[in-house]
Amino acid sequence: MLPETKETVGTHMESKGLVVRYGNRVGVGVGGGVNLPIYRHRITALIGPSGCGKTTFLRALNRMHDLTPIARVEGEVLLDGENIYAPGVDPVLVRRRVGMVFQKPTAFPTMSIYDNVAAGLKLVGIRDKRRLDEAVERALRGAALWDEVKDRLRTPASGLSGGQQQRLTIARALAVEPEVLLMDEPTASLDPISTQAIEDLLLSLKEQVTIVIVTHNMQQAARVSDYTAFFLNGEMVEFGATESLFTKPKDPRTEAYITGRFG
Amino acid sequence: MKRLYTHSGDRIFAWALLLLALGVVVLALLMAYELYQGGSLALKRFGLLGFALGREWDPVIQKSFGAWPYILGTVIVSLSALLLSFFPALAAAIFAAEYAPRWLAQVINFLLDLMAAVPSVVYGLWGIFVLAPWIRDQVQLPLYMWAAEHAPWLVPILGVPTGYGLMTAVLILASMIVPYTAALARDAIALVPKEHREAAYALGATRWEVMRMAILPLARGGIIAGAFLALARAVGETMAVTMVIGNSHKLPYTLFGGAATMPSVIANEFTEAVEDLHLSALIAVGFLLFWVSMAVNFAAAYVLRRQERLVKGVL
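Chains A and B, in that order, are what the protein sequence lines are. Just so you know, the first sequence maps onto residues 1 to 263 in this note's numbering. Just so you know, the second sequence maps onto residues 264 to 578 in this note's numbering.
Because the hints were derived from the structure by calculation, they are not lab data. A portion of the hints provided could be inaccurate.
Some residues of chain A that are not near chain B, with every Cβ distance over 12 Å (derived) [said to hold, decoys possible]: (1) Y39; (2) R40; (3) D66; (4) K122; (5) G142; (6) N217; (7) A222.
With a straight-line Cα cutoff of 16 Å, these simulated EDC-like cross-link-like pairs (lysine to aspartate or glutamate) come out [to be verified]: (8) K104/A / D191/A; (9) K104/A / E461/B; (10) K122/A / E472/B; (11) K326/B / E535/B; (12) K457/B / D66/A; (13) K16/A / D90/A; (14) K104/A / E535/B; (15) K16/A / D80/A; (16) K122/A / E177/A; (17) K104/A / D115/A.
Remember, predicted model here, so these are calculated numbers, not experimental data. Glycine included, C-beta positions come from ideal geometry on N, C-alpha and C.
Please construct the entire structure, taking both the sequences and the accompanying hints into account.
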């Protein structure tokens, strides 16, 4: 059930018949698997009540389920037309192209701010100090954190506030210049001002990266996203341009959710 | 105590807890005092420093007592055992926690627990009947022969290849303390929050890179604590060491030759110490051992506290 959208920028990622199982339980993909396009340089929001499978779907997009022994993934996820679950594809390389930011800020507490941002770059073997300095500054500016931390780059990251740490994790993810950034409720543990900062950041980031964001907060989805997919009980119920999904939902379940009748 | 506890049951319970907890402290202080009392004869005769640094231990002719050979032996044997066992133990912990399939991890964990539960006299017996003869014939003799021919300067360092000596004691002790380091390191690794592993994986880290970047820095405190616990255990280990170390306090120690530690001299000579001064000297060695163990434990607590502050709010 792909929506009839006139999207000129093209599909960046796409799931085809995607089903994720935990043992015998279907985590997401009830009713024939999830078919969902993710458009290049757009923000796609995944919404739905707790346990609906939106995070499970998100984690399938960069093969994070590989780390959970009981999780099995069926179907395809295409990245630039190539299936990331095809045999022989290295999940490490997939994750370098598809970055991820989590609900809880996960700055590495024993590393300095600088080393946190540079962590991903060092993984790909960049050691040149000039290049690292430039990339760190660019990433921190990109995450709107540079002005707050430029004088204390060498201090431990654990000294930052929760909102700053979350922007630091975004900077860390941006530093490796991923094509796609997956965000799992990135503002759920933050105060309103930090949330605002991160939402502004998302809007400015979509020039560079494709963003998929899981959110509990429908207002947030409406504010930042271009497209929205609504999940319920492991099924993707509806996908469409955010404005039309929120104003003219086609499925009665979507309407019930966005008007606040459940969840 | 504030008036938080208004019900008599609460108050009785709180007092009972306080008394029992104080009992532990009193016991420790009492032990230190008794050791000091028992050793005071020797400590007064030679002075605390003179006793600790004295190199002569002659209960028969000169009746002079200095604990230095035993202190030195304890330090050499326990630190070497720790160095030797630390990396294998850490590797076992990392493998069990992150790499091994579940069933294999369970087998490893079971074996580690078993290793910790084997009585040390059994290690000692194994040392006497298996390890010492094997080491003598397969390692020490060939090395000694080679050195005698090609590198004579090495001979005084190696010492007499008897099989019972420093090297055997270190090997036995190392295998005894592996489970302590490994178990604590394993638990510390398992305690690192899932989010931090995933964050590293999401950056495109490989398994080893995740280990180095996200897991080991956070688990460092527990790993170091395990090493200290193993060290404390090595310092105090008596039976197995006494059985294989060769019990010689002749300095300088050699790699193959006999040596002695503080616990081993106490175990060895206690039954023969008929003279007051000799007995007192042995108890004084126990007094010093008490402080050495205490120092190791305090050092461990200090390292742990610093590490906790570092990762505050994460674990």
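_Given pair status - D90/A, K16/A, alpha carbons within 16 Å_ = Roughly 20 Å between the alpha carbons, so the hint for K16/A and D90/A is violated.
*A222/A: least C-beta distance to chain B exceeds 12 Å?*
holds, 27 Å
_Given hint D115/A paired with K104/A - CA-CA distance at most 16 Å_ = Between K104/A and D115/A the Cα gap is close to 19 Å, so the pair fails against 16 Å, i.e. violated.
*Y39/A clear of chain B by more than 12 Å, beta carbon to beta carbon?*
holds, 22 Å
_R40/A remote from chain B - nearest C-beta pair above 12 Å_ = holds, 21 Å
*CA of K104/A to CA of E461/B, is that 16 Å or under?*
Roughly 11 Å between the alpha carbons, so the hint for K104/A and E461/B holds.
*Take the C-alpha atoms of K122/A and E472/B, compute the straight-line distance between them, and say whether it is at most 16 Å.*
holds, 10 Å
*Against chain B, does G142/A keep a CB gap of more than 12 Å to every residue?*
It holds; G142/A is separated from chain B by about 16 Å at its closest Cβ, greater than 12 Å.
*For the pair supplied as a hint, K104/A and D191/A, confirm whether the alpha-carbon distance does not exceed 16 Å.*
holds, 13 Å
*Would K122/A pass as off the interface with chain B, using Cβ distances and a cut of 12 Å?*
Given that some Cβ of chain B is not farther than 12 Å from that of K122/A, nearest at about 9 Å, it is violated.
_Non-interface claim for N217/A versus chain B (Cβ beyond 12 Å)_ = holds, 20 Å
*asked:* For a C-alpha distance cap of 16 Å, please report whether K326/B and E535/B respect it.
replied: Satisfied, since the Cα-Cα distance of roughly 14 Å is no more than 16 Å.
Checked against the numbered hints above, the structure violates hints 3, 4, 13, 14 and 17; every other hint is satisfied.
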